[in-house]
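**Q** Reconstruct the complex from the two isolated chains, following the hints.
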Amino acid sequence: MNSPDNNRLEQQEIDASAKWPVLTFLGSALCWLVLGGALQLGAALQLHTPAFLGGCEWFTYGRLAPAAQNALVYGWGMNAAFGFGLWLMARLSASALRHGGWLFVAAQFWNLGITLGVLGILTGASTSFELLELPRFVTVLLLVAYALIGLWAVSTFCLRNTEHVYVSQWYLFGAAFWFPWLYTVAQVMLFQAPVRGALQPLVNAWYVNGLYGLWFVPVALAAAYYFLPKILGRPLNYFYLPAAGFWCLVVATAFSGGSRLIGGPVPSWVATLGTVANFVAVPAVVMISMTLFGTLAGRYAALKESITLRFVFLGLLGFVAASLLNFALSLRSVAVLLQFTLVGELRDWLLFYGCFSTMMFGAAYFIVPRLTGRAWRSGALVRAHCGATALGLVVLTVTLLAAGWQQGKLLNDPAVPFADLTKAMLPWFTARSVALMLLAVGHLAFFVNFCWSVCPFGSAAEAPAEFHLPPAMSLPAKEGHA
Amino acid sequence: MNPPPDKHTLEQAGASDESIRQVHTQLAHEKPEQAGGGYAAYPLVLLGLMCSSIFFGSIYLAHYSSHFDPLIYNENAKPVAGGPAVPVVTPAMLGKRVYTNICMTCHQQNGQGQAGVYPPLAGSEWAQGSEERIIRIVLHGLSGPITVEGKEFNNAMTPLGTVLKDEQIANVLSFVRQEWGNTAPEVKAETVARIRAETASRTQPWTAAELEKLGK
Numbered sequence: 001m002n003s004p005d006n007n008r009l010e011q012q013e014i015d016a017s018a019k020w021p022v023l024t025f026l027g028s029a030l031c032w033l034v035l036g037g038a039l040q041l042g043a044a045l046q047l048h049t050p051a052f053l054g055g056c057e058w059f060t061y062g063r064l065a066p067a068a069q070n071a072l073v074y075g076w077g078m079n080a081a082f083g084f085g086l087w088l089m090a091r092l093s094a095s096a097l098r099h100g101g102w103l104f105v106a107a108q109f110w111n112l113g114i115t116l117g118v119l120g121i122l123t124g125a126s127t128s129f130e131l132l133e134l135p136r137f138v139t140v141l142l143l144v145a146y147a148l149i150g151l152w153a154v155s156t157f158c159l160r161n162t163e164h165v166y167v168s169q170w171y172l173f174g175a176a177f178w179f180p181w182l183y184t185v186a187q188v189m190l191f192q193a194p195v196r197g198a199l200q201p202l203v204n205a206w207y208v209n210g211l212y213g214l215w216f217v218p219v220a221l222a223a224a225y226y227f228l229p230k231i232l233g234r235p236l237n238y239f240y241l242p243a244a245g246f247w248c249l250v251v252a253t254a255f256s257g258g259s260r261l262i263g264g265p266v267p268s269w270v271a272t273l274g275t276v277a278n279f280v281a282v283p284a285v286v287m288i289s290m291t292l293f294g295t296l297a298g299r300y301a302a303l304k305e306s307i308t309l310r311f312v313f314l315g316l317l318g319f320v321a322a323s324l325l326n327f328a329l330s331l332r333s334v335a336v337l338l339q340f341t342l343v344g345e346l347r348d349w350l351l352f353y354g355c356f357s358t359m360m361f362g363a364a365y366f367i368v369p370r371l372t373g374r375a376w377r378s379g380a381l382v383r384a385h386c387g388a389t390a391l392g393l394v395v396l397t398v399t400l401l402a403a404g405w406q407q408g409k410l411l412n413d414p415a416v417p418f419a420d421l422t423k424a425m426l427p428w429f430t431a432r433s434v435a436l437m438l439l440a441v442g443h444l445a446f447f448v449n450f451c452w453s454v455c456p457f458g459s460a461a462e463a464p465a466e467f468h469l470p471p472a473m474s475l476p477a478k479e480g481h482a
Numbered sequence: 483m484n485p486p487p488d489k490h491t492l493e494q495a496g497a498s499d500e501s502i503r504q505v506h507t508q509l510a511h512e513k514p515e516q517a518g519g520g521y522a523a524y525p526l527v528l529l530g531l532m533c534s535s536i537f538f539g540s541i542y543l544a545h546y547s548s549h550f551d552p553l554i555y556n557e558n559a560k561p562v563a564g565g566p567a568v569p570v571v572t573p574a575m576l577g578k579r580v581y582t583n584i585c586m587t588c589h590q591q592n593g594q595g596q597a598g599v600y601p602p603l604a605g606s607e608w609a610q611g612s613e614e615r616i617i618r619i620v621l622h623g624l625s626g627p628i629t630v631e632g633k634e635f636n637n638a639m640t641p642l643g644t645v646l647k648d649e650q651i652a653n654v655l656s657f658v659r660q661e662w663g664n665t666a667p668e669v670k671a672e673t674v675a676r677i678r679a680e681t682a683s684r685t686q687p688w689t690a691a692e693l694e695k696l697g698k
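If you're matching them up, the sequences are chains A and B in order. Under the working numbering, the final residue of the first sequence carries the number 482; numbering is consecutive throughout. Under the working numbering, the final residue of the second sequence carries the number 698; numbering is consecutive throughout.
Be a bit skeptical, because a hint or two may be false.
Claimed, not checked - Straight-line alpha carbon distances no greater than 27 Å define the calculated DSSO-like cross-link-like pairs of lysine-lysine that follow:
id, chain 1, residue 1, chain 2, residue 2
1, B, Lys647, B, Lys633
2, B, Lys578, B, Lys647
3, A, Lys423, A, Lys409
4, B, Lys489, A, Lys304
5, B, Lys489, A, Lys19
6, B, Lys695, B, Lys633
FYI, nobody ran anything at the bench for these hints, they're computed from the structure.
So here's chain B without its partners, still in its complex pose (with noise of 0.2 Å):
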């Protein structure tokens, strides 16, 4: 007689296909609380369970997501208290720009000037003096003979106030005031617009002893 066959060998089915189809249908139809398997709580459990999943994944959400920021890579970064810093600018610093492009030429980046040919604004008594004299400068140019720091100058400064607007002439008067050493306070736009109204009739240079009596 042969040996009983090995049950592993074999699979044998418990239930048959079309059965398994019928009879889960109609699990599927039951209401929970009918359903095999006892305690009638579950459904209720599970509810509970998805709630809190839901819950809890929203405030990781809020926690972690950065406001959905496509530029924040480390939602651990701590923001700026008040916001991102936002860069101071003044106006001595935009008029660096005016200085470069335009008075370099003549007063050097160094502020001093040529010994003999164009006068220092580092350290001058008239850049640091009154704005009066200086915006009427820039406005209309300079020429014949000017003492600066002691030293004599004879030449003739290009009238700019065709060239450069209200804000640019207090912006780079600014920075001449303040660069090099220089401890002037800064230039207003408005003071420029007042004194280009005053002496809009204007059409030559203004000489040294024109602008003396203005005061210092």
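Isolated chain A, as found in the complex (with noise of 0.2 Å):
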């Protein structure tokens, strides 16, 4: 139907006309991503050395830590996701991102709501509520805009050129729909017309979980779908398997929220389901797993030749890391010793940091060659960041479980005072800024790559890169076959 060079042209088409918006939310993603990995080591540097910063009100513990979590979550988190998500929608639908322009418009929209909300959570305007922090003014501005850029995922996916839809697109395509369902929900009930009492840290938790797990996850697997059928050349093994997990797994986020609160102020059912949800989850994330590292299975040496695979397969770990602390913590037995520690945080960043913005690294080294025209200037900056991610991942999570644990059984010591607990948790909490020491680092280096590859000065000098023809991929030799 299509020869290889129409292909090509079309797919030439496609990254010119997502060219500026999909720079917009990558460059204003990076730009968050730096500032809030430093406001995020401010605030973990205050937990070992109170005196840091500590005499400016702006950069007190209690605003500092929500700003630096608001910045990564809706600054980089939700900028690179509408990148890279509206990225691969047009490419997988074979359809130009139409009227750019009104994309750019959302990602000025976007950008002064989160840029106007964290300097409101450091002004003292925030509010109680976790990942609901951004004063309420702005989140008028920021659903209007979010109103825009889904409606281009899914129109692009609606005006789709092709006969055959992908596994990434069901991904994106759902995740488009819920994160504004949570979004109002969580909104109306607990700022427009608030729930009483004990049903508020529900709804609050219902939707962190959502967010996470309805929102970020799904677009770090459409990226895990796309890049390791797309730069292995070999299709995706047990390909039966990605329609059941897939439903298996939404359904089971959907209710899992209650698991957070084990022990909390909400009638035990509530809890309850929840851990069953995450029973449920279990079989998903097995049959995800198996798809995707049964493709990578036998071919790791692929991964010392490509950047991107790296990260997929960092993001592939955390991804796997996440769901089986999150099952764990589900569980009461674990929970009366983890919940309230540091691992319960762990459980969070291993999602949104492990699983999702690895991925999004990956992603990104793939994607803007393709928008600029030009390779990446420097090699050894895309090595040091992807070492930095790796090591920073190792020693937070290792800090954060051994920390987690000896802060649990602390705690459950009535014979124990508070002041030793803290005491104890010192060195980890100096570990923990090692770590996220490294993550800045690596956060460094990929910002300064980027500026330096996209800005236009000094490139007339360098050629344009060489993308050689992929070439069309062919189905597995059966076995026993002629």
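**A** Written as structure tokens, this is what we have:
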């Protein structure tokens, strides 16, 4: 039907249409990543060096920590997901992003909203709900911006020029609807018409769980399902599994929010239902991992060649680790020890950073040269980013696991005074700061490389990047067939 | 000559988007046993995993959901044997309210009455004596001299038969007979009803002399 040359021409057309919107999203995402990472590092430093920035009202821990988290989640995470999601949706639908100027406007609105929101948190106007700390006045701004972006993603899908829909598109299409649903319901039930007392933490837990599980994880999985066959040039293994895995994961995640409230101020069946939903998520994680790791199996040498695959591999490890941790934490016997410790923070961090963010790093290394038509300027910076991310994640995971374990034991021991517990945590907090510093170094390398590669100065001397014509994928050979 | 370009600055695609979509559509329509990756028992293993997760999930739900009771916040709280304890209500407890509303004005909260004016109930041989007499007093009142605990009283008690129902009379008398150290048995509502019927024609208050004929 399509000759390879036609295919190639079409792709160039799609990439050209996506260039400015996607670069805008990725660029602003990167600014937020550097800023958010720095704020987070500052908050982490205060836990073992309380005097650090302690005299400045704007940067006290109670403001710094939520500002960092919101800058990372809504500034970096959402922007990156928008940029990547729109690009992949256009590519897989073989349809250009029409009227990209509107997306540019949406990006400005979104970033204006986040900027005002983070400043609002720093000046003390934050709300008391996790991940909904952005002051209420930015909500409308964010929803209008998101409406434009979501509309573009969905309409690009609906105007597709292809017969077949690929698994990445299911996840992107679903996520495009789940985020506004989660966000508006949480806003209405917590701020517009607040529900009564004990229901509020329940709505909050449902939102936090949904934001990670029904927005960031689907976008990350869309990246994994796309880049593995794309770069390896081999079809996915066990391809009868993704549909079952998709529905199983989505339904289970939608119900699992209550498991965050074990022992909390809610009727006990709420937490129990969440735990059972996490039971049901186990087969989903197994099926998804079987397909993705099964495709990588025996081809790990390809990780040496491709930086995107390395990040995707890291992201897959993060996904499995976060899912295991989530399952373990929702068991009552484990929650007795580890709830309200640093392990809870690790669970969310592994999903957001270990799984989602690393996938987005890998995606950016693939996408940006195709948009600008030029290779990345520095291979060393790319490798530095990858190394710093991997090392930082390992240090952070080990630190938070060990620290959380000790913290849980000490908390459960009534003979230990609280001050001793705080003292026992000091070395762990220091180790966490070191890990966050490593990650921040990676962010800086990525940011510098991005600016250097995208800015047009001094590029005249450079030859445009040479993209090989991608071969057509063939079906795997069958055993026992002629 | 330029050095060879760094392989990590540019990712090369291994397959075109079009072929990825096509190949995977074909793969999705294959039966599991034909699909690549070997090990034909995987679908069965996964089905087993799915079933066991649902099975254990159901057991867990039954064990910890507290029957979806919106008021149970601690699933480990042991239910009380034979259901939650039902508070026991005795006629004397119900009678306390009647006593407080009606009788207390004269006979006082401590049941001591008022010396020389209203006879006491605490320790009184009348109150702890025959039901026949005290039910009649409450129904139709009492007037004239009476000796209680060796002291003389000469006053009138209001008839309460039209104000109180049989059960209220039984309750308040049970209260009086068991409070302040009194130890007489309860009065039954049926007894009150019987006496009310027997004395239906009576319009005047009783006198102590009349009642003493009924026995102690």
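**Q** Tell me, which hint numbers fail for this structure?
**A** 1
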